[in-house]
Amino acid sequence: MVDFKTVEVETDLLILGGGMAACGAAVEAAYWAKKHGLKVTLVDKAAMDRSGAVAMGLSAINQYVGLRDGQNTVKDYVDYVRNDLMGITREDLVANIARHVDSTVHLFEKWGLPIWKDEQGAYVHEGRWQLMINGESYKVVVAEAAKNALGKENIYERVFIVGPIMDGDRCAGAYGFSVRENTFYVFKAKAVLTAMGGAVHVFKPRSSGEGQGRAWYPPWNAGASAYFTLKSGAEMTCQEVRFIPVRFKDAYGPVGAWFLLFKSRATNALGENYMETRKPELDNWAPYGHVKPVPANLRNYLGMLDVMEGKGPIYMRTEEAIQKIATSSGDEKAAKKKLKELEAEAWEDFLDMTISQAILWAATNVSPDEKSSEIAAAEPYFIGSHSGASGAWVSGPEDLAPKDYFWGYENMSTVRGLFCAGDASGASSHKFSSGSHAEGRIAAKAAIRFIVKENPAAAQLDAAKVEALKAETYRPLTLFDQTKGATTQPDVNPNYIRPKMFQMRLQKLMDEYAGGVTSQFTTSEPLLKKGLELLAFLKEDAAKLGAADLHELMRAWENVHRMYQAEAHVRAIMFREETRWPGYYFRSDKPKMDEQNWHCFVNCRLNPTTSEWEMFKRPIIHVFPKAGA
Amino acid sequence: MSPTDPQPTCPHCGEVLLRLTLPEETSWGGEEALACFNDSCPYFVRGWQWMESQFGAKASYRYRVDPASGRAMPLAVWSRSALRDRIVDQGADGGREPDIESGGDGS
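Chains as they are written, first to last, in this note's numbering: chain A, 37 to 665; chain B, 9 to 115.
Every clue listed holds true.
Chain B is faced by these chain A residues, among others (derived, beta-carbon under 8 Å):
| # | residue |
| --- | --- |
| 1 | 158 |
| 2 | 164 |
| 3 | 168 |
| 4 | 170 |
| 5 | 311 |
| 6 | 330 |
| 7 | 361 |
| 8 | 364 |
These aren't lab readings, by the way, just hints derived from the structure by calculation.
All C-beta atoms in this analysis are idealised placements derived from N, C-alpha and C, irrespective of residue type, glycine included.
Given these sequences and hints, build the entire structure.
Here it is, written out as C-alpha cells:
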C-alpha cells in the first residue's frame, strides 16, 4: 500500500469550493483580511478557472436588480422569489443578496466580462432580472479576479474535501486528499466558509450509460456542502425543496432563449399548448397559482399533467419559430439569409452554455429549422442557488433579519465559525451565478469580522485523531487493494462495492421511492419509508466502498456525500405533510397544499453525537409586506 | 416621457409607443410594457450594427418603457417581427407589419 504523506495547513479563513460563491468569498475575504493581517486559504477539488456550475459558460446573468437605475426595488425581488417558491423563503437573506448583487455584476464587467449594452450604455435585458452576456469565459474571468486577490500560494487545487474538523462546538477546519498526489490534507482554521455547490445525480438521470454526466447542472456537484454542514451538526433547511428544470430532453439544453428570443411554442403530441389548456389547474394552487410570472414548479406541473395523461412527447417547436421569423424577413433571398442567421444563433445559444445539446443535435441530424426537439422535465437537483432552496440554515443580516433569524454574523450557520454561501446556504433561492458571488462576498466579510472579534484559538488536533481521519479517508483504497484478488471481475467482489455500482443503487432507490423520473415525481409515506430502509442498507455498504485509484476514491466520497443529501431529502419530504411544489414532487397521500399547517420551513439536524435525525418546523417571518399574492 | 403622457412617444423617432405583454415564460411573466416598433427608428436601426460590432451578436433592441415607473431600458430582439405578436394596443399606426425590404433586418 502506498505511503500517503500528511500536510497540515494553518490559516485564518478557510474557503471550501472554487465556484462562483467561493470566488466572491475570495475577493472579499482577501480585501478585509489584508487590513487585519489575516490569512485566507481556498481549496477546490478541481481547478478554479472552470470549476463549479458556471464551468461551461453562460449566455445570461440571471440576477441583476437594477437598483441604481430605479428599474426594480429589493422588495420587487423578494416578492418574485417568495411567489416562485410558493411562499417558502427567507426574505431577509433574499433581500440582503438583492441589495448587493448589482455591485457584483459591475465588478464582473470591470474584470472583463462582456455584458450587452446599447449605444448609450444601458444593459440589454433578456428578462426582468436577466442581462445578456457573451459568457463562454464567464468563469475564467471571475476566477482570475479571485486568484489574483488571494495569491497562488493560498490556493489548493485538486484537493477533495471529505469533511469538517470540529473543536467542541466550533468548526475549526476541514480534511481531505489530493486527487493527483499521495497527500492527505488537514486544514486548521479560525473560521470556515463552505461553498462547495449543490448536488446532482442523487436521482437516476434520464440520460444513462454514456449519456450520463450532461452538464447543466454539473455532475461534479455531489453534495459536499450538505455533507459538510450535516456532519458538523449544523441545522439545515428546505431539504425537501429540490428543483426540476424543463430542458431539451437528454442533453439538458436550456429552453429560456427559445421561449423569449425565438418566440417558440411548446406543444404536446396533439399540437396543444399545455400552458393554455391546463391553465385552470393553477386555481388549485392559489394564491401562488395566480401570480405572474407563474411559479416554475407550476409551469412544470402543467406539462407533467399532459405527459401523465399520455399526451407526450412534448416538443419545442423550433422549426415553426425559425420559419416564422425567417419568412417575415422579406424576399426569398432575405429569408434564406435570416434562416441561416437564426440557425447559427440556435446553435450558439447551446455552445455558450451546454455543449452537450449541440452535440446531441449534431449526432441525431437535427436541424432546428426543420425539426422539433423534445423537451422534458429533468431528474431532481439540489440547487439552493437556483429554483431549489436546500442548504444550511444561516443567520441573516442584523439590519434586516428578525431576531429569530439573527445570531451574530450573517451567513453563519448554527455551528459557530461555519459560514455558508451559494448552494451551501438554504432558503435564499434565485441567486444564480451573480447572487451566489454576492453571497460569497457577504459571508466572507462576516467571517473575517467573526475572526477579528471572536479570535478563536487554533484547533488542537492530536496525531491519533489525524491518523484516524486519514485511515477513514483512504479506507476504500486499502480495501480494494487488499481484496481485489478475490474475483476475476473487478466490479463484482463480495468484499467491496465500486463507486459506480454504489451510485447506481442510490439512484435507483431514490428514483423509485423518492419521486424520480420513472415515478413521475410522485411519492408517498409508504414509499419514502421503503426508501429509508434501503438507504440504511446503503449506509452499511458505504463502509465497504472500494476504489482502485485516487480518482475513484474521489468518486467514492462524492457518492457518500450524495447519500447524506438523499437521506435529508427523504426525511424532509416525509415530514412535510402536504404537496406544495407539485412540479417538483407530488405526494399522492397528501395531494393538496396546506397553508394552515405547513406555511413554514421544514428544518432538520443530524446530531453528530447520536447520529439521530431531528426534524422540526420553523416559522416564516415576513420582513416585507406581501404584494397582493 | 412620463408614464402619464396620454400618447407616450419614442424619444429617438417620435413614433407612438405600442403596448405589449412580455412573454409569460420569462421572468417578466406577462408584464406589460410600451415599446417602439418603428423599424426605421434610428435607435433600432443603429442597434444592429452596434450589437454586431461590439458583441458579435446578430440582434438589436427596441426602445422600451415600463408603464408603471416610466423607466426605459433596451429590449433585445432578434428580428423585426419579434414580439409583434404580443402587441395588445394597435396604436395610431394599427400596429403595422414590419417593413419588408430586401436585405432583411438591419443590413
